[in-house]
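Asks: Chain order of the listed sequences is A and B.
Numbered by our numbering, the letters in the first sequence go through residues 50 to 163 in order.
Numbered by our numbering, the letters in the second sequence go through residues 100 to 215 in order.
Any given hint could be a false lead.
[Said to hold, decoys possible] Below, a list of computed lysine-lysine pairs in the BS3-like style, where the Cα atoms sit at most 25 Å apart:
1. K105/A x K117/A
2. K150/A x K105/A
3. K151/B x K118/B
4. K150/A x K140/B
5. K126/A x K151/B
6. K109/A x K162/A
7. K105/A x K126/A
8. K162/A x K126/A
9. K139/B x K150/A
10. K151/B x K101/A
11. K162/A x K117/A
12. K121/B x K151/B
Note that these hints are calculated values from the structure, not bench results.
None of these values were measured; they are calculated from a predicted model.
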Amino acid sequence: GDSVTQMEGPVTLSEEAFLTINCTYTATGYPSLFWYVQYPGEGLQLLLKATKADDKGSNKGFEATYRKETTSFHLEKGSVQVSDSAVYFCALTPSSSNTGKLIFGQGTTLQVKP
Amino acid sequence: ETGVTQTPRHLVMGMTNKKSLKCEQHLGHNAMYWYKQSAKKPLELMFVYNFKEQTENNSVPSRFSPECPNSSHLFLHLHTLQPEDSALYLCASSQDWVAGSRDTQYFGPGTRLTVL
Chain A
50 GDSVTQMEGP
60 VTLSEEAFLT
70 INCTYTATGY
80 PSLFWYVQYP
90 GEGLQLLLKA
100 TKADDKGSNK
110 GFEATYRKET
120 TSFHLEKGSV
130 QVSDSAVYFC
140 ALTPSSSNTG
150 KLIFGQGTTL
160 QVKP
Chain B
100 ETGVTQTPRH
110 LVMGMTNKKS
120 LKCEQHLGHN
130 AMYWYKQSAK
140 KPLELMFVYN
150 FKEQTENNSV
160 PSRFSPECPN
170 SSHLFLHLHT
180 LQPEDSALYL
190 CASSQDWVAG
200 SRDTQYFGPG
210 TRLTVL
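Okay, chain A solo, but in the shape it has when bound (with noise of 0.2 Å):
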């Protein structure tokens, strides 16, 4: 079936350092690729999609790219800051969904250190 798979945690950082969270997926077709993220005490928010191959999705200096060659849609930021810290999920839609599911990976810890 669908799947979604994200780099284990906790990443640890300093501020201002680059970012790179990886995530790849396996499903058929052209899945919708998202990435969420959960600050302390809250639900999860959009932080930004892609629903095409070659697509890159963009947010708040962080970035995605649907790269469909590679099955992943890595997140990437160029400086972080102590504000970034969270719990990161890549999740996606499958292209044969008709319900409107979201498969999750597993979440990916940040911690950015001043």
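Here the structure of chain A is known, so what remains is to put chain B in place on it, guided by the hints.
Replies: Just chain B now, kept in the frame of chain A:
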């Protein structure tokens, strides 16, 4: 109030209790979802409602009973739960589910459930 709200935010219940979780969305959406977030497992979809009709039940035990009286409200009725049901229960909504629409889902803050 805007967005997706959930009540209560925290709930502690015994295995013989009956309780309900409530979700309300103020976004004018027509699709609503229940997810379970456990400490050691990825987020799991439980139920999907589209225009008040249940369109997916992801093999959820019958001790969890959803109810969607209208497009703005979604309930999860709980009875005779087990300690392993302790988790964060998240509600989400999206515009609606039309094949291929891939609408963004908006999440509430969740209800932290502890079953003793």
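Asks: Confirm or reject each hint.
Replies: Do the hints match the structure? See the list:
1. K105/A x K117/A: holds, 12 Å
2. K150/A x K105/A: With a Cα-Cα distance of about 22 Å, the restraint between K150/A and K105/A holds, given a limit of 25 Å.
3. K151/B x K118/B: holds, 21 Å
4. K150/A x K140/B: holds, 17 Å
5. K126/A x K151/B: violated, 39 Å
6. K109/A x K162/A: holds, 19 Å
7. K105/A x K126/A: holds, 13 Å
8. K162/A x K126/A: With a Cα-Cα distance of about 15 Å, the restraint between K162/A and K126/A holds, given a limit of 25 Å.
9. K139/B x K150/A: holds, 20 Å
10. K151/B x K101/A: violated, 30 Å
11. K162/A x K117/A: violated, 34 Å
12. K121/B x K151/B: Holds: K121/B and K151/B sit about 15 Å apart, inside 25 Å.
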